Amino acid sequence: MTKRRSLASILSIALIAVACRPPVGGSVEPSASSIAGELRPSKEISVTVHLPGAPDVLTAPLAYAAASETIAAAGITLKQVAPTAGEAPFPLVASESRLQLYIATPDAVAASVTARDSLVMIANLQQKTSMVLVAPASGAATAANLSGSTILVQGIVGDEVPLLALLAREGAENVTAEFPADSSIPLDLTPLYDGTYAAAFLTQYDGLARAQEFISLESGLPVGPDGIKVIDLGDTSGVRGLAVWMEKTAAEDEDFSIAAALILIGLTDGLAFCRDQPGECAAVFEQGGETDRFGDSLAWSIDQFNASIWPAPQGVLDVSTVAASGFTVNKTILERAIANLPAEIDRIGESWAPSGIALPLE
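The opening position of the sequence shown corresponds to residue 1 in the numbering used here, with each subsequent residue numbered one higher.
Hints listed in this document are in silico derivations from the structure and should not be mistaken for laboratory results.
These figures come from a predicted structure and were not determined experimentally.
Glycine is no exception: its CB is placed at the ideal position from the N, C-alpha and C atoms.
Check each hint, because a few of them may be wrong.
List of simulated lysine-lysine pairs, DSBU-like, C-alpha gap at most 35 Å [stated by the list, open to error]:
1. Lys43 <-> Lys248
2. Lys128 <-> Lys79
3. Lys331 <-> Lys248
4. Lys43 <-> Lys331
5. Lys79 <-> Lys43
6. Lys248 <-> Lys79
7. Lys128 <-> Lys229
8. Lys229 <-> Lys43
9. Lys248 <-> Lys128
10. Lys331 <-> Lys128
Each pair of labels, with its calculated beta carbon distance range [claimed, not checked]:
11. Thr236 <-> Glu87: 23 to 33 Å
12. Gly326 <-> Thr249: 35 to 45 Å
13. Asn174 <-> Ser46: 41 to 51 Å
14. Leu361 <-> Glu44: 39 to 49 Å
15. Ala137 <-> Asp235: 17 to 27 Å
Build out the structure end to end from the sequences listed, making use of the hints.
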């Protein structure tokens with residue numbers, strides 16, 4: 001069986017910032033009785049999860065996974081790293097003892113020749129996209145009004161592809177997308193409000209909160225929901241959310257395949273933890289020291305993040321229904337994880353509903 005650790009033990013290893021590529025997570029003392037099923041690689045393996053941007057609420061379930069005795073008892077350590085300015089989105093690093101996992105959208109992977117040829121999806125993290133298009137209240141009212149403008153995209157190269165397609169469908173022409181200069185630090189939306197950008201394509205669980213929490217350049221108060229417009233993009237069901245990827249060659253290696261399956265078990269447990277105990281999930285991230293958002297603000301973000309995942313009718317991380325176009329899907333690693341998943345972990349979350357917590361704007 002797997003053991004859920006206390007909040008204190010999780011906090012002791014979560015979000016440790018060092019150097020310019022901060023690892024987020026770590027290891028715990030192994031317990032031989034906590035290995036899931038018969039999964040255990042023949043050697044110790046260090047797993048690095050490459051985040052798509054600055055640490056946000058996604059960090060918490062991964063930190064929870066890093067604290068899993070299921071993982072540690074199998075000789076696996078897990079850390080997370082944020083990208084650095086100027087670094088390629090998918091830094092492929094060959095190693096016999098280190099497994100690289102990447103969190104990114106299928107559009108970002110498909111846009112990178114290196115990633116498209118080298119990576120395979122092993123888990124679908126979000127059931128639906130969490131991206132929204134936001135403009136200042138005094139700005140564009142409709143998508144068509146954005147013709148000829150420049151839009152800030154909270155993401156990496158490739159994440160603009162579905163946005164530009166949606167805008168074109170809504171009548172916006174000659175739209176340019178740009179990205180934050182340094183995606184390893186919290187998103188600064190000053191350029192949205194000073195007129196540098198006409199709109200911003202933001203994650204609902206992080207960027208949308210920042211758009212409302214932004215301190216007005218005129219009043220000195222948060223702009224709040226009245227200070228922004230969420231622009232209607234029509235049907236966004238075709239926009240895909242974040243997924244977990246690994247190198248194809250690593251997926252063919254038995255030890256790396258086992259390690260990846262164990263990480264998916266820990267991640268499933270971490271996602272369920274953040275669903276069932278959002279307050280403690282927020283504390284995991286908040287106490288780690290890498291967030292500039294706290295309290296109910298962070299709890300609101302966790303609620304929004306959960307909404308992109310739960311309920312999961314096919315089971316969280318499911319890839320069986322993913323329509324692959326421009327990328328490859330590997331179903332066997334998740335199947336292996338599910339076969340060894342402790343029975344007490346609920347992958348469906350059928351009864352989950354948003355808490356209704358309001359974003360504090362004081």
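For each hint, the structure was consulted:
1. Straight-line distance between C-alpha atoms of Lys43 and Lys248 comes to about 20 Å, which keeps the hinted pair within the 35 Å bound.
2. With a C-alpha separation of about 26 Å, the suggested pair Lys128 and Lys79 falls inside the 35 Å cut-off, and the hint holds.
3. Our distance criterion of 35 Å between C-alpha atoms is met by Lys331 and Lys248, whose separation comes to about 12 Å.
4. A hinted pair counts as satisfied when its Cα atoms are at most 35 Å apart, and Lys43 with Lys331 qualifies at roughly 24 Å.
5. Proposed proximity of Lys79 and Lys43 is supported: the alpha carbons are some 18 Å apart, at most 35 Å.
6. A C-alpha spacing of about 21 Å is found between Lys248 and Lys79, which places the hinted pair at or below 35 Å, so the restraint holds.
7. Restraint check for Lys128 and Lys229: the C-alpha separation of about 21 Å stays at or below 35 Å, so the hint holds.
8. For the suggested pair Lys229 and Lys43, the alpha carbons sit about 53 Å apart, so the restraint of at most 35 Å is broken.
9. Distance restraint check for Lys248 and Lys128: the Cα-Cα separation of roughly 25 Å lies within the 35 Å cut-off, and the hinted pair is therefore satisfied.
10. Between Lys331 and Lys128 the alpha-carbon distance is near 19 Å, which keeps this suggested pair within the 35 Å criterion.
11. In this structure, Thr236 and Glu87 meet the distance hint of 23 to 33 Å, their C-beta atoms being roughly 29 Å apart.
12. Judged by the Cβ atoms, the range 35 to 45 Å given for Gly326 and Thr249 is violated: they are separated by roughly 19 Å.
13. Checked against the hint of 41 to 51 Å, the C-beta distance between Asn174 and Ser46 comes to roughly 46 Å, which is consistent with it.
14. Separation of Leu361 from Glu44 is about 47 Å and conforms to the stated range, judged on CB atoms against 39 to 49 Å.
15. About 25 Å separates the C-beta atoms of Ala137 and Asp235, a value consistent with the hinted range of 17 to 27 Å.
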